[in-house]
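Engineer: Spelled out from the first residue to the last, the chains are:
There are 2 protein chains.
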Amino acid sequence: MYTVPLMNRLACLACGKAYPLDIHDPFCPVHGWPLLVRPSSRRRRIKDSADSIYERYADFLPWRRFDPALSLGEGGTPLLALRRLAVELGLPGLLAKNEMVNPTGSFKDRGTVVAVQKAVELGVHCVGTISTGNMAGSTAAYAAKAGLKSLIFVKEDTSREKIASAAVYGASVIKVRGDYAALFRRSFEIGRERRIYFMNSVDPFRIEGYKTGGYEIFEALGPDAFDGRQRVRIFVPVSAGGHLIGLMRAFLDLKENGVLRSLPRFVGVQAAGCAPVARAFARGAASVKRFPRPRTTAHAISNPFPPGGDLTLRLLRECGGLMTSVSERAILRAQSLLAVREGLFCDPASAVALAAAQVLGPGSGTDVLILTGSGLKTVEDIDPRALNIRECGLEEI
Amino acid sequence: MYTVPLMNRLACLACGKAYPLDIHDPFCPVHGWPLLVRPSSRRRRIKDSADSIYERYADFLPWRRFDPALSLGEGGTPLLALRRLAVELGLPGLLAKNEMVNPTGSFKDRGTVVAVQKAVELGVHCVGTISTGNMAGSTAAYAAKAGLKSLIFVKEDTSREKIASAAVYGASVIKVRGDYAALFRRSFEIGRERRIYFMNSVDPFRIEGYKTGGYEIFEALGPDAFDGRQRVRIFVPVSAGGHLIGLMRAFLDLKENGVLRSLPRFVGVQAAGCAPVARAFARGAASVKRFPRPRTTAHAISNPFPPGGDLTLRLLRECGGLMTSVSERAILRAQSLLAVREGLFCDPASAVALAAAQVLGPGSGTDVLILTGSGLKTVEDIDPRALNIRECGLEEI
Numbered sequence: 000m001y002t003v004p005l006m007n008r009l010a011c012l013a014c015g016k017a018y019p020l021d022i023h024d025p026f027c028p029v030h031g032w033p034l035l036v037r038p039s040s041r042r043r044r045i046k047d048s049a050d051s052i053y054e055r056y057a058d059f060l061p062w063r064r065f066d067p068a069l070s071l072g073e074g075g076t077p078l079l080a081l082r083r084l085a086v087e088l089g090l091p092g093l094l095a096k097n098e099m100v101n102p103t104g105s106f107k108d109r110g111t112v113v114a115v116q117k118a119v120e121l122g123v124h125c126v127g128t129i130s131t132g133n134m135a136g137s138t139a140a141y142a143a144k145a146g147l148k149s150l151i152f153v154k155e156d157t158s159r160e161k162i163a164s165a166a167v168y169g170a171s172v173i174k175v176r177g178d179y180a181a182l183f184r185r186s187f188e189i190g191r192e193r194r195i196y197f198m199n200s201v202d203p204f205r206i207e208g209y210k211t212g213g214y215e216i217f218e219a220l221g222p223d224a225f226d227g228r229q230r231v232r233i234f235v236p237v238s239a240g241g242h243l244i245g246l247m248r249a250f251l252d253l254k255e256n257g258v259l260r261s262l263p264r265f266v267g268v269q270a271a272g273c274a275p276v277a278r279a280f281a282r283g284a285a286s287v288k289r290f291p292r293p294r295t296t297a298h299a300i301s302n303p304f305p306p307g308g309d310l311t312l313r314l315l316r317e318c319g320g321l322m323t324s325v326s327e328r329a330i331l332r333a334q335s336l337l338a339v340r341e342g343l344f345c346d347p348a349s350a351v352a353l354a355a356a357q358v359l360g361p362g363s364g365t366d367v368l369i370l371t372g373s374g375l376k377t378v379e380d381i382d383p384r385a386l387n388i389r390e391c392g393l394e395e396i
Numbered sequence: 000m001y002t003v004p005l006m007n008r009l010a011c012l013a014c015g016k017a018y019p020l021d022i023h024d025p026f027c028p029v030h031g032w033p034l035l036v037r038p039s040s041r042r043r044r045i046k047d048s049a050d051s052i053y054e055r056y057a058d059f060l061p062w063r064r065f066d067p068a069l070s071l072g073e074g075g076t077p078l079l080a081l082r083r084l085a086v087e088l089g090l091p092g093l094l095a096k097n098e099m100v101n102p103t104g105s106f107k108d109r110g111t112v113v114a115v116q117k118a119v120e121l122g123v124h125c126v127g128t129i130s131t132g133n134m135a136g137s138t139a140a141y142a143a144k145a146g147l148k149s150l151i152f153v154k155e156d157t158s159r160e161k162i163a164s165a166a167v168y169g170a171s172v173i174k175v176r177g178d179y180a181a182l183f184r185r186s187f188e189i190g191r192e193r194r195i196y197f198m199n200s201v202d203p204f205r206i207e208g209y210k211t212g213g214y215e216i217f218e219a220l221g222p223d224a225f226d227g228r229q230r231v232r233i234f235v236p237v238s239a240g241g242h243l244i245g246l247m248r249a250f251l252d253l254k255e256n257g258v259l260r261s262l263p264r265f266v267g268v269q270a271a272g273c274a275p276v277a278r279a280f281a282r283g284a285a286s287v288k289r290f291p292r293p294r295t296t297a298h299a300i301s302n303p304f305p306p307g308g309d310l311t312l313r314l315l316r317e318c319g320g321l322m323t324s325v326s327e328r329a330i331l332r333a334q335s336l337l338a339v340r341e342g343l344f345c346d347p348a349s350a351v352a353l354a355a356a357q358v359l360g361p362g363s364g365t366d367v368l369i370l371t372g373s374g375l376k377t378v379e380d381i382d383p384r385a386l387n388i389r390e391c392g393l394e395e396i
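Residue numbers (numbering that gives the first Met the number 0), protein chains in the order written: chain A, 0 to 396; chain B, 0 to 396.
Hints should not be assumed to be uniformly reliable.
What the hints assert, rightly or not - Among the chain B residues that face chain A by a calculated CB cut under 10 Å, a handful are:
no.: 1; residue: G177
no.: 2; residue: E255
no.: 3; residue: R340
no.: 4; residue: F344
Source of the hints: derived by calculation from the structure; they are not laboratory data.
Glycine included, every Cβ here is placed at the ideal spot set by N, Cα and C.
I would like the entire structure built from these sequences, with the hints used as guidance.
Structural biologist: Below is the structure:
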């Protein structure tokens, strides 16, 4: 486990410097990059025969003591073989990591539970976030479980359903008119003024939590899948970058500790209608520019100027991964294919993973699509013309 | 495992007679009760160190071979301690079995996967069901995974969101005007005419699948919880009765095989606005009468004349259990409490379990609430006055 000072010790990957934890400004003062928890330098390993993922992966997680009372049972999600799509699309070894079955319906829960543990440890009484949907519900739910208040800022055009599915946990929800990036910065100021821990998209503890999904994939596929003879590909929808950063860090951890030989190939995916990181990657640039006029139905990954963009680019290149983007048409088609052929109803943001695999074509080994969030929160976006619904009287059937 | 003939051998608990399987009429020709799969007479046990629940509980399940390709990763749901509500409501040992994290958001998936396995074994190409929501999505999803067509009948007043969340899997959905009980009977006729396996609420294979939730609860609590010194209570929302029947059968199986000493106390719960089984139980009657003018927001358990009602009553009395009902006000209050205090957003039908525990007061041991379905499918039913939502400009925050 991490020792006490390490837990609060963050580092910037741009300058390599360490910084003390400040939950109201978890960014490098020089480079502006999100700070990450500094890993322990001693040898770490996955533990055997433990009851929970937190015991199995304790060596890699940033706490002295995990309080199971703050958990809603997140993680341990299924890795499913997509046999029918594999044949139909010519993508042998196609798998889906179904993050939709987390307690609030998205991968965010893996990160929220860690950040909330930190909030409780710090004695903070209110947590907050900015969200287009999934993070709102996740933060509000875990705050409720921990007995904390929560304050959620959402964009003014967020649907009533998404707002209600966060407010139902007792959160105070504020629809804010104005620029989203400015709101992101303002939230940390408000946090400092009011002593609210804003656990936003690239919070260092959130990112630590996202690592657990990576360890689970490694364990499900086994070390032989990472022996260098084949290459596992992992397709990850990218918004602010936190999720992909966490997954890459998980595998880097394992490699550094001699647990695996060869890294998987990470494929970060954005919607073509809002693809700032993919554009920077294609240009070979080291930094992300604001994406003009974003427009996509993949709302959960519609972030025109992601705060973790540069860090994502750096890590992706270090890992030998890549970024790509997919069209709206391909996204909606992929969403429908996952439902109709495999019984998996995800949101459009998740479907970008399959769309990207279709564009790239077959690899040399297993392909894992990360399905990040449930389609139940975006039902209103489904085109009714794609559905087969009729009406009749009992006698006419 | 069951031998081949046994798998297709059903029995009526009213007359004790065996009947051959007819998927288009799985009811006793004499008593009209739903037929159940006849358990094997040889000694059965829970297996150690198996990867899936189907391997662990294979002795108790009705197949020769489970095909994991037809699974979406259902089951293995968390049993969570509700520490804050336990203190607040004076209900020590309060737990929730979170069935909302099944692949389509409800416990139905446990049953659907077994019925679909049977459909594939029988060479049926189309499956169907009648549903107010959860069963529609579940049946459509597993049919998609198996490459089967699906036909879903829904009541004409079913919300657009619920219909879309089933139709998205490629199902043909028909909104039917007319009497629901008549539609139930008519569906089996249509099934026979068109060779469609209507896997409705009390399908014998569905009920077999629901048993897995019972085995999981037993394993999570351990045999000491059932040693007779304390008494575990299990609160189960009741609609057609299939779920409660499955859970009771699971524990009866374990008792018959010497795995546990003392049965839990089952508490079946209905909404007072549609409580046919609870009324019959209170009257001491052996059979259920049609409930006049049903009216409740707990749509998922609003079944005025449940086909498994009499069988539920019989088994409940054999097990020393009881039926109760709770008011609309108590249901909505319990739904809110679960979200605000414990971070669990369930539908009103699930919330009846907590409402009943509040009415009954503390027992002598652990209390398990079965949270049957996700609140995300009933967001439109939330009273907006209960939510804290404001709007402002960025500069006004």
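Engineer: State for each hint whether it applies.
Structural biologist: Cross-check of the supplied hints:
Evaluation of the B/G177 hint against chain A yields a held restraint, the C-beta minimum of about 3 Å falling below 10 Å. At a threshold of 10 Å, the smallest CB-CB gap from B/E255 to chain A is about 29 Å, leaving the interface hint violated. Interface hint status for B/R340: upheld, as the beta-carbon distance to the closest one in chain A is roughly 6 Å, under 10 Å. Using the Cβ-Cβ criterion of 10 Å, the hint placing B/F344 at the interface with chain A is satisfied: the shortest such distance is roughly 5 Å.
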